[in-house]
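**Q** Assemble the whole structure, with the sequences as input and the hints as a guide.
So the protein lines, in turn, are chains A and B. Take my numbering: the final residue in the first sequence is number 425, and no numbers are missing along the way. Take my numbering: the final residue in the second sequence is number 481, and no numbers are missing along the way.
The hints are simulated quantities; they were obtained by calculation from the structure and are not laboratory data. Any given hint could be a false lead.
[As the list claims (entries may be wrong)] Sample of chain B residues at the chain A side, in silico, Cβ under 8 Å: (1) Leu37; (2) Pro38; (3) Leu138; (4) Pro197; (5) Pro200; (6) Arg202; (7) Ala208; (8) Ala237; (9) Leu274; (10) His340; (11) Asp394; (12) Lys454; (13) Ala455; (14) Leu462.
[To be verified] Cβ pair distances, simulated, as ranges: (15) A:Gly113 to B:Leu429: 32 to 38 Å; (16) A:Pro208 to B:Leu335: 53 to 59 Å; (17) A:Gly113 to B:Glu278: 40 to 46 Å; (18) A:Ala95 to B:Asp309: 40 to 46 Å; (19) A:Glu135 to B:Asp309: 40 to 46 Å; (20) B:Thr26 to A:Gly170: 57 to 63 Å; (21) A:Ala98 to B:Leu108: 21 to 27 Å; (22) A:Val106 to B:Asp309: 23 to 29 Å; (23) B:Thr26 to A:Lys360: 48 to 54 Å; (24) B:Met22 to A:Arg148: 27 to 33 Å.
Idealized CB from N, CA, C, for every residue including glycine.
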Amino acid sequence: MRAFFATAAGRGIVVLFVGLGLAGLLEAEGLRKQAQIQQPGIERDIALGVTRPLVRVSRALHLTTPRHELQAAIGRSGEDNIDSTVHLSQPPLPPPAGPTHRPRPPKHRRGKPAKPVYTAARPLHVWVAGDSLAQVPGDGLQRLTVASIDVVGVESRLSTGLARPDLYNWYTRFNQVIAHVKPQVAVLSFGADDAHDYMAGVPAGRTVGAFGTPSWIAEYRRRVDGVTRELNAAGIRTIWLGLPIPDGPGFKRSFPVVNAILQSVARKHSKLSSYVDTWHLLDSAHGTYTPYLRVHGKLTLMRLPDGVHYTPAAGDLIAQAVLEQLRGYYTLR
Amino acid sequence: MLFPTVTFAVFFLIVLPVSWALMPHQRAWRVWILLASYVFYAWWDWHFVFLLGASTVVNHVLAVAIHRASGVRRRKGMLALALAFDLGMLGYFKYANFFLSSVDNAIGTSWIAQVALPVGISFFTFMAISYVIDTYRGQLVPASFARFAVFQAFFPHLVAGPIVRASELLPQLESPRDPRRVNLSRAFVLIVSGLFLKVVIANHLAVHIVDEVFAAPNQHSSLEVLLAVYGYAVQIFADFCGYTNIAIGIALLLGFEFPQNFASPYAAVSLQDFWRRWHMTLSRWLRDYLYIPLGGNRKGRILTYRNLMLTFVLGGLWHGAAWTFIVWGAIHGVGLSVERLIGWRPSSRAGEWLGRLVTFHVVCFAWIFFRADSFGSAGQVIVRLADAWGRPSPLVTTSVVLAILTGLLAQFVRPSAAAAFIGGFGRLPVAAKAVTVAVCLMLINTLGPVGVAPFIYFRF
Numbered sequence: 093m094r095a096f097f098a099t100a101a102g103r104g105i106v107v108l109f110v111g112l113g114l115a116g117l118l119e120a121e122g123l124r125k126q127a128q129i130q131q132p133g134i135e136r137d138i139a140l141g142v143t144r145p146l147v148r149v150s151r152a153l154h155l156t157t158p159r160h161e162l163q164a165a166i167g168r169s170g171e172d173n174i175d176s177t178v179h180l181s182q183p184p185l186p187p188p189a190g191p192t193h194r195p196r197p198p199k200h201r202r203g204k205p206a207k208p209v210y211t212a213a214r215p216l217h218v219w220v221a222g223d224s225l226a227q228v229p230g231d232g233l234q235r236l237t238v239a240s241i242d243v244v245g246v247e248s249r250l251s252t253g254l255a256r257p258d259l260y261n262w263y264t265r266f267n268q269v270i271a272h273v274k275p276q277v278a279v280l281s282f283g284a285d286d287a288h289d290y291m292a293g294v295p296a297g298r299t300v301g302a303f304g305t306p307s308w309i310a311e312y313r314r315r316v317d318g319v320t321r322e323l324n325a326a327g328i329r330t331i332w333l334g335l336p337i338p339d340g341p342g343f344k345r346s347f348p349v350v351n352a353i354l355q356s357v358a359r360k361h362s363k364l365s366s367y368v369d370t371w372h373l374l375d376s377a378h379g380t381y382t383p384y385l386r387v388h389g390k391l392t393l394m395r396l397p398d399g400v401h402y403t404p405a406a407g408d409l410i411a412q413a414v415l416e417q418l419r420g421y422y423t424l425r
Numbered sequence: 022m023l024f025p026t027v028t029f030a031v032f033f034l035i036v037l038p039v040s041w042a043l044m045p046h047q048r049a050w051r052v053w054i055l056l057a058s059y060v061f062y063a064w065w066d067w068h069f070v071f072l073l074g075a076s077t078v079v080n081h082v083l084a085v086a087i088h089r090a091s092g093v094r095r096r097k098g099m100l101a102l103a104l105a106f107d108l109g110m111l112g113y114f115k116y117a118n119f120f121l122s123s124v125d126n127a128i129g130t131s132w133i134a135q136v137a138l139p140v141g142i143s144f145f146t147f148m149a150i151s152y153v154i155d156t157y158r159g160q161l162v163p164a165s166f167a168r169f170a171v172f173q174a175f176f177p178h179l180v181a182g183p184i185v186r187a188s189e190l191l192p193q194l195e196s197p198r199d200p201r202r203v204n205l206s207r208a209f210v211l212i213v214s215g216l217f218l219k220v221v222i223a224n225h226l227a228v229h230i231v232d233e234v235f236a237a238p239n240q241h242s243s244l245e246v247l248l249a250v251y252g253y254a255v256q257i258f259a260d261f262c263g264y265t266n267i268a269i270g271i272a273l274l275l276g277f278e279f280p281q282n283f284a285s286p287y288a289a290v291s292l293q294d295f296w297r298r299w300h301m302t303l304s305r306w307l308r309d310y311l312y313i314p315l316g317g318n319r320k321g322r323i324l325t326y327r328n329l330m331l332t333f334v335l336g337g338l339w340h341g342a343a344w345t346f347i348v349w350g351a352i353h354g355v356g357l358s359v360e361r362l363i364g365w366r367p368s369s370r371a372g373e374w375l376g377r378l379v380t381f382h383v384v385c386f387a388w389i390f391f392r393a394d395s396f397g398s399a400g401q402v403i404v405r406l407a408d409a410w411g412r413p414s415p416l417v418t419t420s421v422v423l424a425i426l427t428g429l430l431a432q433f434v435r436p437s438a439a440a441a442f443i444g445g446f447g448r449l450p451v452a453a454k455a456v457t458v459a460v461c462l463m464l465i466n467t468l469g470p471v472g473v474a475p476f477i478y479f480r481f
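**A** Written as structure tokens, this is what we have:
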């Protein structure tokens with residue numbers, strides 16, 4: 093054995109074990125975050141079990157400092173922090189009991205109010221966000237040749253959603269967007285990665301059951317509703333993109349649950365929010381999954397081999413559906 | 022299983038010591054490494070393990086049959102059978118969607134189903150084809166089934182090459198590798214440099230400029246589009262060269278030598294020179310199994326041009342069933358023909374630099390078609406290169422420019438400097454080597470964007 097470790101191969105194994113071990117200590121907090129944001133299951137449990145003592149040792153030896161310093165130098169401080177708080181303002185309190193001054197009802201004007209006008213010089217600012225399904229429709233919106241629409245950002249973050257703020261906190265991001273980006277429209281594509289039993293950021297004292305149970309649906313509805321309310325309160329119209337008809341039985345059961353929530357919340361806030369039904373936009377004439385659709389008479393590939401994600405052609409189709417809705421609310425010149 | 026992941030690190034920490042422990046017992050070693058390779062492949066989709074197994078069995082049986090057959094007709098028949106199987110399998114998985122949708126479009130039916138593409142199918146099929154053809158040519162005696170199975174499925178090269186020839190790897194599988202003759206320094210330098218190229222350079226460019234610009238070229242300024250085109254040239258180099266560097270380094274740690282796959286391709290002074298430096302194992306495969314059998318340059322000028330065009334158009338088609346890939350191949354075919362026609366061979370230093378500049382830009386122009394989703398999108402990129410100068414360019418950041426410059430300057434690192442660096446690392450004591458590796462891994466992981474993007478060449 094000793095003779096083997098004196099050889100190049102033996103030394104290579106030593107360098108690999110010691111090098112990776114030390115790298116693990118230097119990267120402990122990053123590894124811990126990676127473990128934390130995995131889907132619940134045995135792999136996550138093992139990863140958390142391994143990284144917990146690793147972080148403790150790394151902190152005790154101050155080995156986390158080089159990574160922190162480097163992150164600070166490149167402007168990415170706090171990247172290893174895990175923020176699982178669902179930042180939603182509380183729903184409006186009911187009015188106090190007793191006689192109060194009753195506000196005068198607003199005078200209604202007759203006829204439809206004039207639609208806001210947007211032009212190339214003063215375009216409508218559209219922000220697209222969501223999980224991996226947001227990217228292609230966002231690209232489609234950017235490809236639209238409508239000069240009065242300015243896509244101010246397409247933020248697509250893989251495997252994220254509203255159920256797992258510990259993975260990526262969209263609630264924090266929405267607040268930043270409201271404060272700094274200030275779009276007029278937010279096109280949101282969420283839910284494909286939320287269809288799991290585990291939900292992070294659940295308020296203290298409340299428990300959430302498995303996916304699809306009444307408690308899961310209630311908590312997810314609270315989040316979708318909260319996001320819609322906050323964006324609408326800032327004057328931002330929300331357009332929720334429903335989940336498309338998928339290939340495979342698992343998603344076929346879970347996506348309609350999410351779609352029903354998105355659709356009902358959009359309906360509830362219909363003054364400033366709406367829903368795009370991508371399920372029926374992309375299904376076959378028989379209402380089944382199909383990877384291809386005829387576009388202008390030509391059979392066109394709409395879906396990637398995974399049976400969920402979109403091709404650019406599908407992105408263009410969804411972008412057109414969004415544009416149709418926008419034309420209903422705004423005059424786009 | 023992707024190389025730059027914790028999962029692979031754990032996998033390799035188990036495979037490497039066991040591999041060396043079993044090395045003196047070759048039969049056990051082959052079982053172990055085959056098992057490890059199949060687990061590595063099954064990590065993506067276990068169903069396709071059967072495909073890899075079927076390819077191994079069929080090609081081995083036919084190679085042995087070719088070797089044993091006495092009559093020329095019988096040998097030819099067996100070869101045709103093997104090629105029909107390999108190309109049929111490749112054609113089905115890579116081109117079925119394209120052809121069936123074309124047929125449906127032509128006759129107005131809708132009975133197609135989408136066929137999933139198994140990871141690395143082109144690479145292990147090309148290796149099997151070279152094995153069978155070399156046997157047919159009498160250049161190779163078929164190995165035992167177990168050795169051939171390891172040759173085809175060996176995990177370091179399995180999903181994205183390099184395309185190792187049977188004559189290069191099979192002899193290394195004949196006897197136990199010597200643990201004293203492992204080039205440790207080169208292995209670690211290759212692995213770390215490969216990770217840097219992939220995680221820091223390629224991923225950074227993909228996330229911060231290339232993907233965004235190619236998704237909607239019309240939304241971006243000419244400067245952004247130009248840097249996205251240069252950025253893609255660097256990205257695809259860093260991505261693919263990074264992968265093969267890691268693959269070669271891992272094979273070295275296991276005691277095996279793989280051929281080099283890249284040699285500073287953007288320093289090439291001509292397209293011919295470029296193809297001697299870019300994806301070298303594919304270039305020589307196309308040369309030996311397609312260009313030369315077509316007649317090469319032995320049948321006159323016109324047929325030479327035809328053979329060049331055919332080789333490169335088919336090389337383009339190998340990347341995927343799309344007209345954009347065919348145009349990419351055609352640009353290279355035409356470029357090579359023109360070089361041959363005018364006899365381009367720079368003799369002065371200035372001529373070499375002019376050649377480098379022209380070659381790099383022809384290659385970049387061809388990459389536009391390679392990267393774009395459609396002709397329309399490629400056309401938009403080209404038009405946008407000219408008509409939107411002077412507009413705001415928020416994607417042109419210091420880090421993007423730095424990543425592009427790093428990728429380009431890396432092409433001009435002299436082999437002697439690289440050798441000196443490897444030598445320097447080799448002289449470090451074991452502990453210092455381990456610390457250096459650890460610090461490099463920390464730097465790479467911290468500087469790279471969050472998440473692991475798949476390698477570009479996995480889909481080919």
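**Q** Enumerate the violated hints, using their earlier numbering and listing them in ascending order.
**A** Per hint list: 4, 10, 17, 20, 21, 22, 23 violated.
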